[in-house]
Amino acid sequence: MSRAIANETVGISGGREGFSFYRCITNTWFLYCVSLSVFFLVWDRVAAWRIFGDSLAQPLVVLDKLYELTQIRFAGTNLGGHIWASTRRVLIGFSLASAIAVPLGLCMALNRYTNAVVKPVFDLFKPMPPIAWVSISILWFGVGEFSKIFIIAIGTFVPCLLNSYNGVRLVEPELYDVIRVLGGKRKDEIIEVCFPASFPAIFAGLQISLSVAWTCLLAAELMNARDGMGFLIKRGMDTYQPALVLGGMILIALMAWLSSLAITLIERRLCPWKTGIENL
Amino acid sequence: MQAYKEVVVKTPLPLRILPYLSVAVFLLIWELAVRTGMIPSVLLAPPSQVFSLFIDKLTQPNPDGAVLAVHAWTSLQEALIGYGLSLLVGIPLGLAMGWFRVVEGLARPIFELIRPIPPIAWIPLTVFWFGIGLAGKVFIIWIAGIVPCVINSYVGVRMTQPTLIQMARTYGANDWQIFCGLCVPSALPMVFGALQIALAYCWTNLVGAELLAANTGLGYLITMGGRLARPDIVVLGMVSVGVSGAVLGFIIDCIEKRLLAGIRR
Amino acid sequence: MPEQQAKICVHKLTKRFGELTVLDEISFEIRAGELVAIVGPTGCGKTTFLNTLSKLMPATAGQILIDGEEADPKKHNISYVFQEPTCLPWRTVRDNVAYGMEVKRVPYRERMERTDKIMELVGLSSCAGLYPNQVSASMIQRIAVSRAFAVEPDLLLMDEPYGQLDVKLRYYLEDELMHLWEKLQSTVLFVTHNIEEAVYVAQRILVLSAKPTKVKAEIPVNLPRPRSFLDPAFMEIRREVTELIRWW
Numbered sequence: 000m001s002r003a004i005a006n007e008t009v010g011i012s013g014g015r016e017g018f019s020f021y022r023c024i025t026n027t028w029f030l031y032c033v034s035l036s037v038f039f040l041v042w043d044r045v046a047a048w049r050i051f052g053d054s055l056a057q058p059l060v061v062l063d064k065l066y067e068l069t070q071i072r073f074a075g076t077n078l079g080g081h082i083w084a085s086t087r088r089v090l091i092g093f094s095l096a097s098a099i100a101v102p103l104g105l106c107m108a109l110n111r112y113t114n115a116v117v118k119p120v121f122d123l124f125k126p127m128p129p130i131a132w133v134s135i136s137i138l139w140f141g142v143g144e145f146s147k148i149f150i151i152a153i154g155t156f157v158p159c160l161l162n163s164y165n166g167v168r169l170v171e172p173e174l175y176d177v178i179r180v181l182g183g184k185r186k187d188e189i190i191e192v193c194f195p196a197s198f199p200a201i202f203a204g205l206q207i208s209l210s211v212a213w214t215c216l217l218a219a220e221l222m223n224a225r226d227g228m229g230f231l232i233k234r235g236m237d238t239y240q241p242a243l244v245l246g247g248m249i250l251i252a253l254m255a256w257l258s259s260l261a262i263t264l265i266e267r268r269l270c271p272w273k274t275g276i277e278n279l
Numbered sequence: 000m001q002a003y004k005e006v007v008v009k010t011p012l013p014l015r016i017l018p019y020l021s022v023a024v025f026l027l028i029w030e031l032a033v034r035t036g037m038i039p040s041v042l043l044a045p046p047s048q049v050f051s052l053f054i055d056k057l058t059q060p061n062p063d064g065a066v067l068a069v070h071a072w073t074s075l076q077e078a079l080i081g082y083g084l085s086l087l088v089g090i091p092l093g094l095a096m097g098w099f100r101v102v103e104g105l106a107r108p109i110f111e112l113i114r115p116i117p118p119i120a121w122i123p124l125t126v127f128w129f130g131i132g133l134a135g136k137v138f139i140i141w142i143a144g145i146v147p148c149v150i151n152s153y154v155g156v157r158m159t160q161p162t163l164i165q166m167a168r169t170y171g172a173n174d175w176q177i178f179c180g181l182c183v184p185s186a187l188p189m190v191f192g193a194l195q196i197a198l199a200y201c202w203t204n205l206v207g208a209e210l211l212a213a214n215t216g217l218g219y220l221i222t223m224g225g226r227l228a229r230p231d232i233v234v235l236g237m238v239s240v241g242v243s244g245a246v247l248g249f250i251i252d253c254i255e256k257r258l259l260a261g262i263r264r
Numbered sequence: 000m001p002e003q004q005a006k007i008c009v010h011k012l013t014k015r016f017g018e019l020t021v022l023d024e025i026s027f028e029i030r031a032g033e034l035v036a037i038v039g040p041t042g043c044g045k046t047t048f049l050n051t052l053s054k055l056m057p058a059t060a061g062q063i064l065i066d067g068e069e070a071d072p073k074k075h076n077i078s079y080v081f082q083e084p085t086c087l088p089w090r091t092v093r094d095n096v097a098y099g100m101e102v103k104r105v106p107y108r109e110r111m112e113r114t115d116k117i118m119e120l121v122g123l124s125s126c127a128g129l130y131p132n133q134v135s136a137s138m139i140q141r142i143a144v145s146r147a148f149a150v151e152p153d154l155l156l157m158d159e160p161y162g163q164l165d166v167k168l169r170y171y172l173e174d175e176l177m178h179l180w181e182k183l184q185s186t187v188l189f190v191t192h193n194i195e196e197a198v199y200v201a202q203r204i205l206v207l208s209a210k211p212t213k214v215k216a217e218i219p220v221n222l223p224r225p226r227s228f229l230d231p232a233f234m235e236i237r238r239e240v241t242e243l244i245r246w247w
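Chains as they are written, first to last, in numbering that gives the first Met the number 0: chain A, 0 to 279; chain B, 0 to 264; chain C, 0 to 247.
Don't take every hint at face value.
[Stated by the list, open to error] Below are the BS3-like pairs computed for lysine-lysine, each with C-alpha atoms no more than 25 Å apart in a straight line: (1) C:K54 with C:K215; (2) A:K273 with B:K256; (3) B:K256 with A:K118; (4) A:K125 with B:K9; (5) C:K213 with C:K54; (6) C:K103 with C:K74; (7) C:K103 with C:K182; (8) C:K210 with C:K167; (9) C:K116 with C:K54.
[Claimed, not checked] Here are the in silico distance ranges between beta carbons for each label pair: (10) B:L258 with A:E173: 29 to 35 Å; (11) A:R179 with B:K256: 46 to 52 Å; (12) C:P88 with A:C270: 27 to 33 Å; (13) B:S40 with A:D187: 47 to 53 Å; (14) B:L87 with A:A47: 37 to 43 Å; (15) C:G128 with B:L258: 46 to 52 Å; (16) A:F194 with B:N61: 30 to 36 Å; (17) A:I190 with B:P13: 25 to 31 Å; (18) C:G128 with A:E173: 33 to 39 Å; (19) A:Y239 with B:E111: 28 to 34 Å; (20) A:Y21 with C:G42: 53 to 59 Å; (21) B:Q59 with A:V142: 42 to 48 Å.
Because the hints were derived from the structure by calculation, they are not lab data.
Just so it is clear, CB atoms sit at the ideal spot from N, CA and C, and this is done for glycine as well.
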């Protein structure tokens, strides 16, 4: 067991121990490699042996399909165009919603009256899954661009607002006392303590929002679209092309992962003091 | 005794009234906006109409093929089976990943591959594999619920106080004893936290699954409303989804509090 | 006390973290039933020393022998009372005291008997059914001490167990520790930064030097018990130890 347990010297207590077969096969990187190769191998074999009939494509076939899409125009645009169409929707919806939700959440936490007016209405909408808005947004805004942005914005709005609201409310009261003892005014309390202290919570909210945003985008595009990654998946479903479906899934997972990575990097830049617990 | 009672800070009257007022005003504006024609009635149904439709739908299967209770029951069934399965698989997996390095090494890369895929992206594949019946939707809900279960259990185990583990080690406890006796109980509050999060994920993705591939269920009700251009049905579906989700959340919350009280006393 | 054979034998114990030598060939012996205190300047690696002794960390070189065998937590009874509270919040006080024996697979009946006996000795019987969050900080440290004594350890390591308590409680608990130790005849290694505490409890004091840590001096404390802080002999030993720690 090489779990570091020395409380004063966690980082360096690994030590140099002799080479042993057991340590070698329980090495984390080795296990990662084993796991990934087994995963892809099983996927490949299951597809090749047609255990699900024609409905699963081999990994290489999927990659091939994706490569093919970069070369040809599929439904009006090539692969890059589809990715950009989806990303643009997410970016617009996400920034719109967070630009409104974060300040509103802060206001609600800082002002009891705003809270008393907004919170109950917000609570009415909160339990409604954002995907449930798909039909009505199509009813309202047609099948154009705006209905998709609307759904993304709705989905993003809730976690953003909740997190900035709770972020401010969970600031330790002692921190305010520090400012007060130094003779600061309410304004100083808000600027010096409230905002920085609630930053990590706001960013956590943005992370959640982003993953919700991709889900909503997908729902919107699956229902109705002429371009985008969801469209690729839907077209793959309608024309029974598992390779296209899987390609779309891979792309959307990749974009979701990249965007969440971007938020993490920005957060690290903006609040370097944050000590996160070890997280997945 | 008297002195203590007078200290109680009263919430100002406006603060107590405002919440009710704001909901009432919201509903009123909604009703009036549709009634006066500011918003065309093909786009939005007023609350009163939704309510009367609700009464109707308790007994009327038209125009979407089933009464409200049937839709709700279908959805509930799918959600609860998927949810239960995700707890059953996700929690033990997350706990084991938190403590046993071999399990973590093997399971984590696959988990990280699957995690960023939005669960509803699986819809086409599940339709290919399972058809549009119960199994497909359960699969999607399971995928959705398993992520928070794994993460929370994993973090819970990882947050076990290192001194406790050292203590057990000095008594000569083996890995398994430490896992069962220390890590699992100390992770329990985090695990219970996952119950709530996983439910929310399941419920959201249930609607997604039903929007695309279903013939009953609340999500299907919403889709049908959209197809028939009946805003009242859409709104009714949304409200039912919201309300039943909230009720389920409340029940889970109660269970969670019970369980927490059970271990913390 | 009659001369006994060495129970614990530490031979040239060395611990290095990369280039940094923390423990430098420490050697000493402890007789069975002896209470030895270890004092040293701040940051001299006392905790590392205990972690190495208890086998929580592998030593770089050197041996730790218990009854002539290489020490092993799975084979020998080693208990460790930590500085921080180490009660399991989901177990009652009684179950916490029994935890060490549970890991050692002591049969249920015997476990309960010993638990009850020890709880009686330290006055925990009245709160046996409570949970750790319902008792005070001194109680929590008592639970840890009782748990450590309950396994009838070959070697009991204590890492500043009373360091975070206030002075009055500390005197009280030190007396209680003496009481327990005299009753149960365990071999105890008591690490502290408080010289007075060391002189008060120990039969022998090992003074450590700053890093790289060596045993700098060994001072026998042959004072009668109960000891008094105002006894000139007591004060003399305390002065001597203080000098040793201050002068390097």
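Here is how each hint holds up against the structure:
{"no.": "1", "hint": "C:K54 with C:K215", "verdict": "holds, 23 Å"}
{"no.": "2", "hint": "A:K273 with B:K256", "verdict": "violated, 30 Å"}
{"no.": "3", "hint": "B:K256 with A:K118", "verdict": "holds, 24 Å"}
{"no.": "4", "hint": "A:K125 with B:K9", "verdict": "violated, 28 Å"}
{"no.": "5", "hint": "C:K213 with C:K54", "verdict": "holds, 19 Å"}
{"no.": "6", "hint": "C:K103 with C:K74", "verdict": "holds, 9 Å"}
{"no.": "7", "hint": "C:K103 with C:K182", "verdict": "holds, 22 Å"}
{"no.": "8", "hint": "C:K210 with C:K167", "verdict": "violated, 32 Å"}
{"no.": "9", "hint": "C:K116 with C:K54", "verdict": "violated, 29 Å"}
{"no.": "10", "hint": "B:L258 with A:E173: 29 to 35 Å", "verdict": "holds, 32 Å"}
{"no.": "11", "hint": "A:R179 with B:K256: 46 to 52 Å", "verdict": "violated, 35 Å"}
{"no.": "12", "hint": "C:P88 with A:C270: 27 to 33 Å", "verdict": "holds, 31 Å"}
{"no.": "13", "hint": "B:S40 with A:D187: 47 to 53 Å", "verdict": "holds, 52 Å"}
{"no.": "14", "hint": "B:L87 with A:A47: 37 to 43 Å", "verdict": "violated, 31 Å"}
{"no.": "15", "hint": "C:G128 with B:L258: 46 to 52 Å", "verdict": "violated, 21 Å"}
{"no.": "16", "hint": "A:F194 with B:N61: 30 to 36 Å", "verdict": "violated, 54 Å"}
{"no.": "17", "hint": "A:I190 with B:P13: 25 to 31 Å", "verdict": "holds, 27 Å"}
{"no.": "18", "hint": "C:G128 with A:E173: 33 to 39 Å", "verdict": "holds, 35 Å"}
{"no.": "19", "hint": "A:Y239 with B:E111: 28 to 34 Å", "verdict": "holds, 29 Å"}
{"no.": "20", "hint": "A:Y21 with C:G42: 53 to 59 Å", "verdict": "violated, 36 Å"}
{"no.": "21", "hint": "B:Q59 with A:V142: 42 to 48 Å", "verdict": "violated, 30 Å"}
Violated hints, listed in ascending order, are 2, 4, 8, 9, 11, 14, 15, 16, 20 and 21; each of the other numbered hints is respected by the structure.
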